[in-house]
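Enquirer: Chains A and B, in that order, are what the protein sequence lines are.
If you use our numbering, the first sequence corresponds to residues 3 to 117, in order.
If you use our numbering, the second sequence corresponds to residues 1200 to 1309, in order.
Be aware that a few hints might be false.
[What the hints assert, rightly or not] Straight line, CA to CA, 35 angstroms or less: simulated DSBU-like cross-link-like pairs of lysine-lysine: (1) K1301/B / K59/A; (2) K1248/B / K1268/B; (3) K1296/B / K1260/B; (4) K1270/B / K15/A; (5) K1293/B / K1248/B; (6) K1270/B / K1248/B; (7) K1257/B / K15/A; (8) K15/A / K1293/B; (9) K15/A / K59/A; (10) K1301/B / K1248/B; (11) K59/A / K1257/B; (12) K1260/B / K1301/B; (13) K1260/B / K15/A; (14) K15/A / K1268/B; (15) K59/A / K1268/B; (16) K1301/B / K1268/B; (17) K1248/B / K1260/B; (18) K1248/B / K59/A; (19) K59/A / K1296/B; (20) K59/A / K1270/B; (21) K1296/B / K1248/B; (22) K1293/B / K1270/B.
[What the hints assert, rightly or not] Simulated DEER-style distance windows between Cβ atoms: (23) R32/A / L1245/B: 32 to 42 angstroms; (24) T16/A / P1309/B: 37 to 47 angstroms; (25) E1214/B / T82/A: 30 to 40 angstroms; (26) T82/A / P1309/B: 46 to 56 angstroms; (27) L1255/B / S29/A: 32 to 42 angstroms; (28) A1215/B / S81/A: 23 to 33 angstroms; (29) L1255/B / N79/A: 17 to 27 angstroms; (30) K1268/B / N61/A: 41 to 51 angstroms; (31) T16/A / A1216/B: 28 to 38 angstroms; (32) F62/A / S1204/B: 13 to 23 angstroms; (33) F1250/B / S81/A: 32 to 42 angstroms; (34) T82/A / K1270/B: 39 to 49 angstroms; (35) R65/A / P1278/B: 25 to 35 angstroms.
Bear in mind the hints are in silico, worked out from the structure with no lab data behind them.
Yeah, the Cβ is synthetic: ideal placement off N, Cα and C, and Gly gets one too.
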Amino acid sequence: KAGVTQTPRYLIKTRGQQVTLSCSPISGHRSVSWYQQTPGQGLQFLFEYFSETQRNKGNFPGRFSGRQFSNSRSEMNVSTLELGDSALYLCASSDGQALVVETQYFGPGTRLLVL
Amino acid sequence: AQSVSQHNHHVILSEAASLELGCNYSYGGTVNLFWYVQYPGQHLQLLLKYFSGDPLVKGIKGFEAEFIKSKFSFNLRKPSVQWSDTAEYFCAVKDDKIIFGKGTRLHILP
C-alpha cells in the first residue's frame, strides 16, 4: 500500500495570506489527523476527521480549519497567516475505529514558512 | 487536560550503552500509550504501544517500554543501543485525542 502523502512538501507564504494543505491517507483508512510540529512546542494536535466529520479538535484558533472528502482525502486551511504559524504540518491516517487502538501512520509533512 | 512530560530533551550515549527515556502523563483512567520515533529525514513511525494486558510491551528494533500505572509512567528502554538508533523519540498518550510529549533527541556516538 502507498503511504500517507502530503502536498505540497514546502511552502513559503507572507503574513496575512491563507494556505491550504492536502493529505491523502493510506487506502482504506477513514481517519485523518493533523498536527503542527515546532521546535518549541513539539507536536500539537490540530484536529481529526472521520467520515467527513470533525471528530476531535485541539486548542488552536479558528484560523485553522479542515475538511475531509468522501474519498477520505483531507485538506487543512490556515487563514490570515502569522509568523508563528511557521511549522511542519503533519498528517496521520488510521483505520478510525474508535474502539480499537489503531496505529497512526504519518506522512512526510508540509513545511510552511511564513515571512 | 491530559499532558505528557519527557524528562530528557537531549541524550548522548555511546554504542552498546543501555537506554532509558522517561515519560510521564498527567492523570489516570483508561489511557493508551505510545512511543514514536523519527529517524533523520524519515517519517514519524510507531515504535510500540500499550492499551491493556502485560505492562511490559515489546516493540520494533529491540525497544521495550514498561507501563507503571501507580507512577503514571511509560518509560522506553533498550539494553544496548546502536548508532542507527540516533533519532528523536516521542511519547504519546491517547484518551479522546493523542497528546505528544515534546520529544527526546537521542544521539549515539559510534
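Enquirer: Decide, hint by hint, whether the structure agrees.
Expert: The hints, checked one at a time:
no., hint, verdict
1, K1301/B / K59/A, "19 angstroms, holds"
2, K1248/B / K1268/B, "15 angstroms, holds"
3, K1296/B / K1260/B, "27 angstroms, holds"
4, K1270/B / K15/A, "45 angstroms, violated"
5, K1293/B / K1248/B, "11 angstroms, holds"
6, K1270/B / K1248/B, "18 angstroms, holds"
7, K1257/B / K15/A, "43 angstroms, violated"
8, K15/A / K1293/B, "33 angstroms, holds"
9, K15/A / K59/A, "25 angstroms, holds"
10, K1301/B / K1248/B, "18 angstroms, holds"
11, K59/A / K1257/B, "31 angstroms, holds"
12, K1260/B / K1301/B, "22 angstroms, holds"
13, K1260/B / K15/A, "40 angstroms, violated"
14, K15/A / K1268/B, "45 angstroms, violated"
15, K59/A / K1268/B, "27 angstroms, holds"
16, K1301/B / K1268/B, "21 angstroms, holds"
17, K1248/B / K1260/B, "14 angstroms, holds"
18, K1248/B / K59/A, "23 angstroms, holds"
19, K59/A / K1296/B, "8 angstroms, holds"
20, K59/A / K1270/B, "28 angstroms, holds"
21, K1296/B / K1248/B, "15 angstroms, holds"
22, K1293/B / K1270/B, "17 angstroms, holds"
23, R32/A / L1245/B: 32 to 42 angstroms, "18 angstroms, violated"
24, T16/A / P1309/B: 37 to 47 angstroms, "43 angstroms, holds"
25, E1214/B / T82/A: 30 to 40 angstroms, "49 angstroms, violated"
26, T82/A / P1309/B: 46 to 56 angstroms, "47 angstroms, holds"
27, L1255/B / S29/A: 32 to 42 angstroms, "34 angstroms, holds"
28, A1215/B / S81/A: 23 to 33 angstroms, "51 angstroms, violated"
29, L1255/B / N79/A: 17 to 27 angstroms, "43 angstroms, violated"
30, K1268/B / N61/A: 41 to 51 angstroms, "27 angstroms, violated"
31, T16/A / A1216/B: 28 to 38 angstroms, "47 angstroms, violated"
32, F62/A / S1204/B: 13 to 23 angstroms, "21 angstroms, holds"
33, F1250/B / S81/A: 32 to 42 angstroms, "37 angstroms, holds"
34, T82/A / K1270/B: 39 to 49 angstroms, "44 angstroms, holds"
35, R65/A / P1278/B: 25 to 35 angstroms, "47 angstroms, violated"
Hints 4, 7, 13, 14, 23, 25, 28, 29, 30, 31, 35 from the earlier list are contradicted by this structure; the remaining hints agree with it.
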